[in-house]
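Asker: So the chains spell out like this:
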Amino acid sequence: MFITFAFITLLGALGMLLQKNVIVAGLCMVASFFGVAGLFVLLANPVAAALQIIVYTGAIMVLVLFVIMMLNSHEEEKAETSRPIQRWVSVALVAVLAVGAVKLVLASPGLKSLAVSGAPVPGAMTLQKVGFTLFADHLLGFEVAGLLLLAAMIGAVALTKRNL
Amino acid sequence: MNLTPSQWAALLPLILPALGACLIPLMALDKDQGTTKWIRAAMYGTALLAVGASFWYLTDLWITGAQPSFYQLRMDRLAQFTGIFVLVAAALTILQSWDHFHQEGWVKGETIALLLFSVTGMMLFASTTHFVVLFLGLELFSIPLYALVGTVRARPESAEGGMKYFITGAVASSCFLMGGVLIYGLSGTLDLGAAALTLKAQGLALDPLVLAGAALLLLGFLFKVSAVPFHQWTPDAYEASPHPIAGFMSVATKGVAFIALLRIFPGSLAPLGTVGVKMQAVVAVLAVATLVLGNLTALVQTNVKRMLAYSSISHAGYLLLGFVAGTPAAYNGVLFYLVIYLAMNMGAFGLLTAFGLVGEKTTFDDLRGLGWKRPAMGIAAAIFMLSLAGIPPMGGFYGKYMIFRELVSTGHVGMAILGVLASLVSAYYYLRFLVALFLQAPSVEAERLASDRPAVHAPLAGATVLVCAAIVLAGGFLQTFLADGFARRALVEGLGLIR
Amino acid sequence: MTGMDAILQGGLQGYLVVALLLFAIGLATVLLRRTLLMQFMGVELMLNAANVALLAFARFRGGDAQATVFYLFIIAVAACEAAVGLALIIGLYRHRNTTDSDRAAGLKQ
Amino acid sequence: MNKYYWLIPILPLLGSAFNGLLGKRAGKSVVTVVGLGVVFGSLLLAISAFFAMKALPDHRLILNYGEWMGTGSLSVPFGLAIDPLSGTMMLVITGIGFLIHVYSVGYMHEDEGYARFFCYLNLFVFFMLMLVLGSSLVLMFVGWEGVGLCSYLLIGYFFETDFAPAAGLKAFLMNRVGDLGVAIGMMVLFAAFGTLTVSDILTQAGHLAPEVGFGVLTFATLMLFVGATGKSAQLPLYLWLPDAMAGPTPVSALIHAATMVTSGIYLICRLAPVFTLTPITMDVVAWVGAVTALFAATIGLVQRDIKKVLAYSTVSQLGFMFLGLGASGFAAGFFHVFTHAWFKALLFLGAGSVIHAMHHEQDLFKMGGLKAKMPATFWTMLVATLAIIGFPGTSGFASKDEILYLAYLKHPALWVIGVIAACCTAFYMLRLFTLTFLGKPRDHHAFDHAHESPVSMTLPLAVLAVGTVAAVWLGWPKAFGGDFRIEAWLAPATTYGQLHAAHGEHGSHQLAWGLAAVSTLFGLGSAVFGYFSYKDGLAVSEARAAKFPFLHTLLLNKYFVDEGVELYLLRPIRWFGNVLWKLFDVIIIDGVGVNLPGALVRVFGDFTALFQTGRVRNYALSMALGAAVLLYVFLK
Amino acid sequence: MTWLNSHLLTFLVFAPALLGFLILALPQRLARLARMLGFMGALAFFALSLAWLLGRGGGAGINLAERTPWFTLVGLPVDYSLAVDGLNLWLVILTTFLVPLTMLGTWNSLKDRIGTFAALFLMLETGMLGALMAQDLFFFYLFWEAMLIPMYFMIGVWGGDERRYAANKFFLYTLSGSLLWLVALLYLANKAGGFNPAVMGQAASTLPFGVQCWLFLAFAVAFAIKVPLFPLHTWLPDAHVQAPTAGSVILAGVLLKLGGYGFIRFAIPMFPDAAMHYAKPLALLSVIAIVYGALVAMVQRDIKKLVAYSSVSHMGFVMLGLASFTVIGTQGALLQMLNHGISTGALFLLVGMLYDRAHTRMIADFGGVAVKMPVFTTFFLIVTLSSIGLPLTNGFVGEFWILNGTFLSGFAWGRLYACLATSGVLLGAVYMLWMFKRVFWGPENKDEDSGTHHLHSDLNAREIAVMLPLVVLILWMGIHPRTFVAASEAPVTALLQDAKAPAIRTFMLKPAVPPVPAADAVQAPAAHEGHAEPAAHEVHR
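Chains as they are written, first to last, in the working numbering: chain A, 4 to 167; chain B, 1230 to 1728; chain C, 7 to 115; chain D, 76 to 711; chain E, -12 to 528.
For the record, the hints were derived by calculation from the structure and aren't laboratory data. Be a bit skeptical, because a hint or two may be false.
Stated by the list, open to error - Simulated DEER-style distance windows between Cβ atoms:
1. A:V65 with B:A1423: 37 to 45 Å
2. D:V541 with E:H467: 41 to 49 Å
3. B:A1270 with D:G668: 57 to 65 Å
Stated by the list, open to error - Here are the simulated DSS-like cross-link-like pairs (lysine-lysine), alpha carbons at most 25 Å apart as the crow flies:
4. E:K433 with E:K359
5. B:K1429 with A:K106
6. D:K446 with D:K610
7. D:K610 with D:K441
8. A:K106 with B:K1507
9. D:K448 with D:K515
10. B:K1429 with C:K114
11. E:K359 with D:K99
12. B:K1429 with A:K115
13. A:K164 with B:K1602
14. D:K622 with D:K610
15. D:K99 with E:K424
16. E:K433 with D:K103
17. E:K267 with B:K1602
18. D:K657 with D:K711
19. D:K446 with D:K515
20. D:K711 with A:K106
21. D:K657 with E:K98
22. D:K448 with D:K610
Backbone N, C-alpha and C define an ideal beta-carbon position, used for all residues, glycine too.
Full structure from sequences and hints, please.
Answerer: This is the structure in structure tokens:
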């Protein structure tokens, strides 16, 4: 089960990375997000899964795709001819980081102990719990998030509004 | 729900600018041409009012010495210091942008609103150790800045600069986020202070994931202070953005990031001893790189704004040297330096507005002979440049002095020598500014342009410049008041670092 | 159970590996693709990686609700970044009529 | 009277100041009065001071007027030391000086720089007196450099011409070379004796043993001697003196014949007790003197310019003096200074009178037959000529013969050289005399306008002639039944009661007679030869010159020394200076040391600027690399 | 008034700057008034400095001092501390004297922004006086750096064609030295816990010798650049040639002195051992500077540049005297500083006067100037003579003392270097008089575009009024130098005593009785290092 979703996620991501056509790439990303949502379900967190589908996939990615359409930049990226240095250095670097990450995960003692101690599956996350925590401990964060959204909105308006 | 007075006290300094930020766009909705002028005035008035009120309130807090808190927000002395710092910068920026936008020919309330949002974010960012709030604060002050940089719709560079800043910034903040998550994961708490304690208790201080997390956190800060190699967005973003905004970014972003870095690394994460050690090790390397690269590149710039951008990079290098020394006195020096730096850079960017350099006309040649046309501005410019170069008796000298002194006393003599050599190089390009202002006659075609361009009218910017000059000089002659009475108390009573 | 098994059988390590790999892929997208939209999506991917790690940790800490709340905020942030970022991209497109970041390199040196 | 003696040097200084500041406005008559008056005043004071000194038991009158430039262990008082030596010089300076002032009144009367001239002349008298009377070496050095300055100013008196400034510069610089020697010598002496006051040095020196081999004092005295060669125009620093004739003739008489050029000899006599301690130096002095005497004399044989001839003869005579000193005959040497002062001054003034008469014509070959036109000049010149060629019974004979005698005792070779030089002297003096006064006029135009000089010029000639004759009274050699009075006279000054007194060990009178006879015969012979070669025009000499073309050219061009100096000394130095400036200063230090780093920094800057590609992907990559670094540092 | 009585020095130092700012505030159209104000003020400050410094028990035993704690930053106390004593008394007076004189001398040579120029000039005066009087190293450093700023603008704004290059060079050159020095300063202050020179000296003496040497070198380089000592002198010709006359005068007259003063006031007393360890290299460089400067000056074509290089040569004498570590040498150095201030200052003024008339400084453009400007020629000749060290002028006394001091100095090389240095005296005469001959003597240069051709007027009353005091001083210092060194004798002696300078070396002379065998009677100058009695009372006076 985990393997499946993990594969969906990573393959989607890889697809996005390698796909020349921007729209297809966007769709790959959507797929990968679905995979992530699945992982969340496995993590006994249906709330997160739902949000992932609704907000991320449903809102953000659609917005992105919409913009892609608008800028009709679905023409394919020309094959990378220039700047091989940038390319190969990046590839090597990313590869190193990825391998390093796996090693890291395996090396970390804290992680092991955690994995063992946290083996028993907790009860599924509920909206009630989330809401309670949200307003009990994270009132400040909630407010700030609100401000943030407002700021982003105004920013977007300021950037795109035609007539001043 | 109802808040206790102390919670209000903690929240109010943030609420006021936020409130202003929310009100201003509403005013922008009015489209009646006849009243536009008044609307604009009202917007700027509101903004100044909000900032001023918050400033007044903070100073009041400072005087009473109360250090209230609201949930994860800690309005302690350091936070108050930050608040005052940011608000002063914001006020100067607002005043300058009034003139600048008139010169550019368009005034938008949104810009001021965004500025206030990012002010709120900055104050938040520097006054908490809780990762969630920290991250939100970071975003709250970054996102409006992305927008602000790209806001000059007339210039293609503007959108480009904003885009670059956005992409790099987003990468940096997701690294930051990942770092925080890792630390949360291994400690189980989102408050970095508590996390450090628990990790120490569980003996996970050396866990590779923790270290990786700390490294990614550090990356986030270093990006904001634009230290090499996370600096490349800086010149492009500054050149792209309006002069006052560039000044604001150069000062406030850097300052807040340094203060937060101070609060998190030497502050909260202190229990994880190794993290501090490694932080100093890596910062030493990056500081050297920053000094060298920043100064050398600044040397060959022809555009004043880019020169100032690289100079701000190199100044990040000097401030990082303070972290290399890592003594309370050094942090004291860092805070002091930040105060002077605020005045120096806001002043320097304010000069561009005061001299009425619009659009891309910000090369050294555009400055020629202006020092004699506007003597007061010229003198102020001399003060700023000499102070940036670290020539006594300007304030900048004392900042460098305190930091180098600590470097030497902690045995980093080599670093100190490199530092002074760097400032020797820097002296050259700061002098170039003065050369253009005083030692060169304006070119013919510049004269022609000046003749058919309406006379420069920038009273507010001029005023801000003079204020900045006054602060810089004060830094030179009241240095103890600023260093001990202001910076040191913030450090000692706020962060609890005892020297 | 040994590291590899843990990874394959969906232990905490597994989720983290997925997260970090996602992160790497996101980074790779930013580094390797020229189209601004792609780079933007890479950033989104990096944020998601963080989400995965976050919630995985939360689950193994006995379903910590704080993490979910944080996840909520992160989504908000992502949305904001999307809004501003896309606006910037559009603005740039208006001037340069392209979304190729390499060709939008007027500011340099 | 003692309390007025400080006026001896100061009076001329005041006169100079007055003439310099107000002279132009005051007018020539006032200038004349002041210029002459001050010198005459100091002459009177000098006489009184002289006798006051003689009245004292130890013949030493030392007057101190407070500290000048003392610091640390150095103390230099303003002080005048009057003893027989300095006293005599003082009289010579003020006396002959006064005469020449009088002479100048006539000689310079139509010059518009009249006031300036007397300003310089008075100033010279002041400095010369300082040089003579100074109680410490430093104070003497003041005069030493001061007279150099005055000679510089007076040589360059006609500054709007081409050659005069050049000659003045040459004189000053060559003197400076010598002054270096004096300065170094003073430093060594100070380090050795801990004082620079002459009397103290001499007293201390009195208790020292002569140096065997090359020692400190030898070094010091040699350095001082270098100075002496500079001032007294000895090899190799004689070059300036002939050129110095560019100055007005009275100047040549006063400075470049009578007084300044003898200060080298004076210095050595002053420090005689120290020099006595250093045999090596004495030998050097003697040999340099002898060689110079001959060298200059040979050049003198062929010069056409009347003043040039006299100049070379001066050099040669100075050589004789040094020869005398070197042979430990301080008295003899100084006696020659004394006599030479009279007859050489006379010769120059006579020449001046001739030149004046010939409307500034100085070429011997254009003169002739002036005997009829200017008898006074003729007769006085005759006296002087006889004296200089050492005609038996004249003062010149007395002094020169004493020197040659001592030279023989020191080393026969020296005597031979001396005699040859003497013969040359006799020859060219007669040549000069004959060409000027005898024979037929060669330039009738000039001859017709020639006239006897005014009394203000002839009177001094007469007085000097008397002096020339009378001088013999001071030092008729013992060998010829005289009592070499001056030796005893100077004793208090030259021998400061030291153990090893100056010892010219006296040979027998027969030897003296023999030597004198030989030298005199040769001298008179060559004199006669000179007369006959020129009495009827230039034909004979031209024929002879044609016979020895090489020798003639060599002598005519003064052995090409000036050209050699220019080519092998001055040019290389200037070239070296240019190399230092253009290559070392501008290119190496400033270019490589200063500007290159700056340029390099800029180049590095251009390089680092390349990293700012403007492509966001590159920015992100550099960030990623940075992240890698961070992670590496943190995890390692 | 009571405040003033206890703060005379504060007033002297800061009043000029205040006046300067006042003048700066005056509008452009009042520039002439500003200039007049500045001149009057400067004159007043000169009078006050005379009255106060000499009046109040002037001369030897003077001790005007102010010392109060100023501030403590990062744990290092900094004192506000000014003092005038024997070492700096006459340098201070020289400064206050030269400023008004220069203003008067260059009254009409500047046409534009004369008010600003006067203001900068006064600020510069504050900087110089402060640097001369400061007794606390941090305080000294402030003035030392602050001085650069007005000078930079004076060169850069009113200078010649290459002024920007020259100004930058001057600024960065000096800055490079003083920045490294700052690090050393911090290092030492950190050890000493303060900037009091005495305390720092104590702390330094406890450090390992190697460290002392490094610190001394840092000090020495900073000061040597100002002096300027070969090979750090290359900023000088550019700065001098490009600077306006007034700038050159003050540069030569005072700024260069601060280098030598720094040595005698700080570097040597604080690191005596290191100083003596480096005495030989210092002296060697000085000798090189003397000869080198002279040789290069000899071949210059621009009068001003010639004078500039002559400064290098003259200041070489100063350094040589300091390196001799004898009372005579050091006193000579102090006097030579004053001499150079007067003579070279006067020379620059004269060159300026010539330039104002002829608008050229090329030697080749002149010739026969004496015919057209006799008075000017006379002044020039007198100054020239003082600059080549003719006796009875100031130049001679200083050089004579320095040479003797060096010859006597306790170091083995002293005698050799002294002898070498004398050649500087000769070369000095060569380049100065050669220049004099080519410019003033010889037939008048009738060429249409020659400099001589443009000379129409001899010196006017103002210019004569400027030159007379200088000439009087030249003679005064030559005839009664003790006026100017009496005050410093005691401090210098004490200083050398504390520094444990080696006793002077004299020659042992062999008395006649008893006669000694000829074998060891051979005495080559270098052969005997006798420390005779004079040594004792030389050092322990």
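Asker: None of the hints should be skipped; say for each whether it holds.
Answerer: Each hint, compared with the structure:
The hinted window of 37 to 45 Å between A:V65 and B:A1423 holds, with their beta carbons roughly 39 Å apart. In this structure the hint that D:V541 and E:H467 lie 41 to 49 Å apart at CB holds, the actual value being about 44 Å. Between B:A1270 and D:G668 the beta carbon distance is about 60 Å. The supplied range of 57 to 65 Å therefore holds. A threshold of 25 Å between alpha carbons decides the hint, and for E:K433 with E:K359 the separation of about 11 Å falls inside it, so the pair holds.
In summary, the hint linking B:K1429 to A:K106 is supported, as the alpha carbons are separated by about 23 Å, within the 25 Å threshold. Under the criterion of a C-alpha separation no larger than 25 Å, the hint pairing D:K446 with D:K610 is consistent with the structure, at around 13 Å. Straight-line distance between C-alpha atoms of D:K610 and D:K441 comes to about 14 Å, which keeps the hinted pair within the 25 Å bound. A threshold of 25 Å between alpha carbons decides the hint, and for A:K106 with B:K1507 the separation of about 21 Å falls inside it, so the pair holds.
Restraint check for D:K448 and D:K515: satisfied, since their Cα atoms lie roughly 12 Å apart, inside the 25 Å limit. Between B:K1429 and C:K114, the direct Cα distance comes to roughly 46 Å. Violation of the 25 Å bound is thereby established for this hinted pair. Taken as a hint, the E:K359 and D:K99 pair is honoured in the structure, with Cα atoms around 16 Å apart against an allowance of 25 Å. Only pairs whose Cα atoms come within 25 Å are accepted, and B:K1429 paired with A:K115 is accepted, the gap being roughly 17 Å.
Our distance criterion of 25 Å between C-alpha atoms is broken by A:K164 and B:K1602, whose separation comes to about 39 Å. A distance of roughly 20 Å separates the Cα atoms of D:K622 and D:K610; the hinted pair therefore holds under the 25 Å criterion. Straight-line distance between C-alpha atoms of D:K99 and E:K424 comes to about 23 Å, which keeps the hinted pair within the 25 Å bound. Taking the CA atoms of E:K433 and D:K103, the gap is near 31 Å; set against the 25 Å cutoff, the hint is violated.
Distance check on the hinted pair: E:K267 and B:K1602 sit about 53 Å apart at the alpha-carbon level, beyond 25 Å; violated. Under the criterion of a C-alpha separation no larger than 25 Å, the hint pairing D:K657 with D:K711 is inconsistent with the structure, at around 56 Å. This hinted pair checks out: D:K446 and D:K515 have alpha carbons roughly 10 Å apart, not beyond 25 Å. Between D:K711 and A:K106, the direct Cα distance comes to roughly 13 Å. Compliance with the 25 Å bound is thereby established for this hinted pair.
A hinted pair counts as satisfied when its Cα atoms are at most 25 Å apart, and D:K657 with E:K98 does not qualify at roughly 34 Å. Restraint check for D:K448 and D:K610: the C-alpha separation of about 17 Å stays at or below 25 Å, so the hint holds.
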